[in-house]
Amino acid sequence: MTLNRKNAPAIIEIKSIKIKEAQENELANGIKLFSINASNEEVIKLDLVFDAGIKVQDYKSQANFTSKMLSEGTSKYSAAELAEKLDYFGAYFQTKSTTEEGIITLYCLNKHLNSCLPFIVEILTDSIFPKNDLDILKKNAIQNLKVNEERNSFLVRRSFNQAIFGGESIYGSYSTETDIELVSQDQVKVFYQNHYQKGIKYILVSGFVNNETIEIINSNFGTESFTKYNNLAYNYVGNEIKPTDLYINKSNSVQSAIRIGRRLFNRNHPDFREMQLLNLILGGYFGSRLMKNIREEKGLTYGIYSAIEAYPFDACWYIDTEMNNDLCETGITEIYKELDRLRTETIGEKELKTAKNYVLGSFLRSIDGPFSLADRFKILKDFDLEYSYFYEFIETIKNTTAERLKELANLYFKEQDLTRVVVGSK
Amino acid sequence: MANGLTVIHHFDDSTQLCVLNMLYNVGSKHENPDKTGFAHLFEHLMFGGSINIEEFDTVLQDASGESNAFTSNDITNYYLTLPANNIETGFWLESDRMLSLDFSQESLDIQRNVVIEEFKERYLNQPYGDVWLKILPLAYKIHPYNWPTIGKEISHIENATLEDVKSFFKNFYCPNNAVLVIAGNLDFDVCKVLVNKWFEPIPAQKIIKPIYEQEQKQTEARSETVYADVPLDMIVKAYHMPARTNEGYFAADMLTDILGSGKSSRFYTDLVKNKNLFSELDAYISGDVEAGLLMIEGKLSKGVSMETAENAILNTLNDFKTDGVSNSELTKIKNKSETNIRFNDMTVLNKAMKLAYAWVLGNIELVNTEADSYLKVTKTNIINMANQILIPTNCSTLYYLSKQNDTK
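For the protein sequence lines, the chains are Y and C, in the order given.
Everything in the first sequence is counted per this note's numbering, starting at 1 for the first residue and increasing by one.
Everything in the second sequence is counted per this note's numbering, starting at 427 for the first residue and increasing by one.
Don't read these hints as lab results, they were simulated from the structure.
Honestly, I wouldn't trust all of these hints.
Unchecked claim - With a straight-line cut-off of 30 Å between C-alpha atoms, the simulated DSBU-like cross-links for lysine-lysine are:
1) Y/K414 / Y/K298
2) C/K777 / Y/K20
3) Y/K292 / C/K578
4) Y/K298 / C/K461
5) Y/K381 / Y/K45
6) C/K701 / C/K829
In this text the structure is predicted, and so the values were computed from the model without any measurement.
The shape of chain C in the complex, shown without the other chains:
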């Protein structure tokens, strides 16, 4: 649109519902390192009423709708699901909170408390809940991926002021920093009228994107040891991997599938079942837009030393690099990717989110080529990726030890 808002329409008449997905191109990586947790705190404020609408949720629920949102390192994503014939209520709500929020000190005070409670409930009061708070600053020294979306520490949330909130809104919550996806049982022509009616009048803003430095290549192994009140020792290894827009991303994703996803994976069959050194051991990728992390994490079986456990992981990685990928392994993970994509594409909400995310990556056509990107990966690509990134100098290791073991 003229104001810079990107709009994507996806028609599906197999459902009676319609989804509005609004993605703002702002995540925790855009935060000031001394004021972290802000993008996520802001997400909470977006439900506290806007300039013309006092209660967001009451209006939505009255129209039989439901809504939620999430914040990541890269983006903040809001979604509403409504019966298709009530979708205009969604347009009203979503456009009004883009126009302006109803900023109040009281609302900020309350949501600050709510987020602090969330911090405690999910990161402090859970066994192993603070793993990400520990591993990220170890893996990233400069890049803003070095704090989790909840924030570095509670004091950052406590110190957020109404001025901070207003300037954050002004800078990031504008049509030229967002994509709107309408997916479901709504005709294109009707949709176009509604989009123009509700979004056209909202002016573009000048956006100042914070500049942050890119992470330098890691050149030596890093590690940290922590003790916590947990029953089992845990090991977490984080390796730097390519960005989402790099072809290597798919090879790295498939690498984790071979190593640690499901009961036929190498980690499970060898280290959980055969040797039983771990009660669980997984490999996965963080899935960020920019260069992210390939993670290996496992809980050690009682009585197994950290040294034995870590060597076992490293041996499995070495064996993998030597043996290579078998034909059946390759077919298996390609079939798995296909299953995952097809099952994910079953709901309009998932499709809407995927379209919005593809826009962030710079090309909405990616929703149609994702499957091919996995199919294209060769055995050599995967092994090269393993040789390139699964090396000690690219790794940060967290030894998360049980205090309980210590005393017994």
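Just chain Y, same shape as in the assembly:
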């Protein structure tokens, strides 16, 4: 029997996808606990979510430094002792502040969960924010900012977000060295009291989760030391901003960083899901038009991609790449050519099919394992959606047509709506 290698094996299309959903529980004090039990390994990821994002801060960097300072000491333990205690159990403790939320995350093995949580309780009830530790973190953050400001990729992102969202918007707001210097111990304490101690929005636990896990969480966070969070309204300020072209000169650059794009709508808009597919075809995967044309056919860059970044109150879409300073104009011309093709030509059947299959496969990968499932669930919470959103997403992708995508390209990929930022040297 000779094998005919010209013949491709049959492809089975993904018909339906079943998503393992999060279970909802309530702790004794009413705090919502969502759990995703989907692991063979006895590991846990625990997220505590607070309404403590940039959106509720009164001063720049206030949310960020409060979050960073959560591991810097309580009246019982110094920063070093806290780190030592959690490290002792092999745990990883992280805090972060996003535009919308403050999130505390613990990674550990099930067998150590009960030993680790009391330290997090301690952090949430009795942090003291020592001034000396704050000063060191501020100094290091400023030095870090200086290093980042040497990266064209950082500069292009910052300028682009400022240009399309405006400095007023939480999505276009960046801290300067002065902003960081001005953060005070009092600001951090006040933010902690008002945004970490006024209630937990919800807790999300994923990994190997059983009744014992839930009982441990309940005994630590279900007490009267913690309260259920009451949702506060937030008025988002997003200005209409005219598209601009910006060139930022950074001498000694070998390459230029380029970002071209616009504000867009988020997941709550009916066109969002189809725009994800259109974006994918343009620059969202290795087989995208931008990758094929600009990297694989012309060798102009190591990487080029396009992406939609959706936030609860706003969104943007952009194309991003880095290429040689002298080839930059050629590259930009090609980018506009690809946008024009999407507006004027209908996407071929085969290309559309491949893109659809890829999206479905990538969705399947995005629900593989407990932490991926937790990330999916987080999206639903962030945008106030139900699991039906994902099932509808799959149906929409399957049913959309090339004509429809062309229509969308004409609506949202118009050249006159695009902002362009280039950081490099001429």
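Following the hints, put chain C in place on chain Y, whose structure we already have.
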């Protein structure tokens, strides 16, 4: 298999996916010192179409799959993830590019450009991006670990010819120089049929492994000073350490955990927080198969002199050697290793890569004994390791100074 291909099957029905991981036992250390960056350039060419398949990615994406690869000093590793019921497409793609690539001058020209852009983007156009280009030739005088996988210089990539590409393929990309791991929701019997169908017909090749000399023991401290357009001074210290197959490897790894990993590490608590001489200071190992490097690198706080900073590191090392490892430190790093291993083993892709790598090390059983190798290490092992390798004559130091400091 008869053609020399090693095949490993790992079954896991908790996922709907299946992974094909193909590792070729060739890395940048097998390159000619005058033609470096070749293994990595070749990795790019592997996605440019094979003898019977014009577009690798289109076929894979059509089957809802995804793929990537990486090159290191020691190996080149390719992986595909597909819905388990489409895994045969993966077999088709992976076997066809092992059989033969669709060599073309055009594809080589383009990928050369892409890799040159990668060189610039990651090594030249980033603050501190060229640190490895500087430290490796300082630490290694003979061994081919003395250049990074991207290559010594751009001209080596520019000069690669189609003949070079063909002979590299013929010599290294054959079943008897590879291991294939299939991990995921695929039955052993089905897997066996697919492996035989697609890989059995591929003939073995004669492999000529380049012979390179081993590094001589370093006997005097080495250093180099460079000036660059960066905001902060940086210090990088590289110490030679044991190979992955040597028991000392685990002691060295744990040594870096105590010194410089996380907020309770000695470097962080003492030099970043208490004295604030550094804005960041880390210790880690390069993780190579052969004798590699234990690295200490840190960015100095503004206003701190290089001499003060370096002495502070050396004092911490000396204190450590004198004080020894505390019981709680030892428990801590053992617990950390256990956490790392357990979290890493959660996905079939990670498990597949780990199995393939264990084969390179000569024993796939290592995936099951890795945790024990860390648990076995004693306080004495760690201190002995520190005394043995953390000494000036075993160290290469790079002083990476800010030009900006100079002018201000």
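Hint by hint, here is what the structure shows:
The suggested pairing of Y/K414 with Y/K298 holds, with an alpha-carbon distance near 25 Å, which does not exceed 30 Å. The hinted pair formed by C/K777 and Y/K20 meets the criterion: a straight-line CA distance of about 23 Å does not exceed 30 Å. With a CA separation close to 28 Å, the supplied pair Y/K292 and C/K578 stays within the 30 Å bound. A hinted pair counts as satisfied when its Cα atoms are at most 30 Å apart, and Y/K298 with C/K461 qualifies at roughly 24 Å.
Pair hint Y/K381 plus Y/K45 holds up; C-alpha atoms about 17 Å apart against a cutoff of 30 Å. Of the supplied pair hints, the one linking C/K701 and C/K829 holds, its CA atoms being roughly 25 Å apart against a limit of 30 Å.
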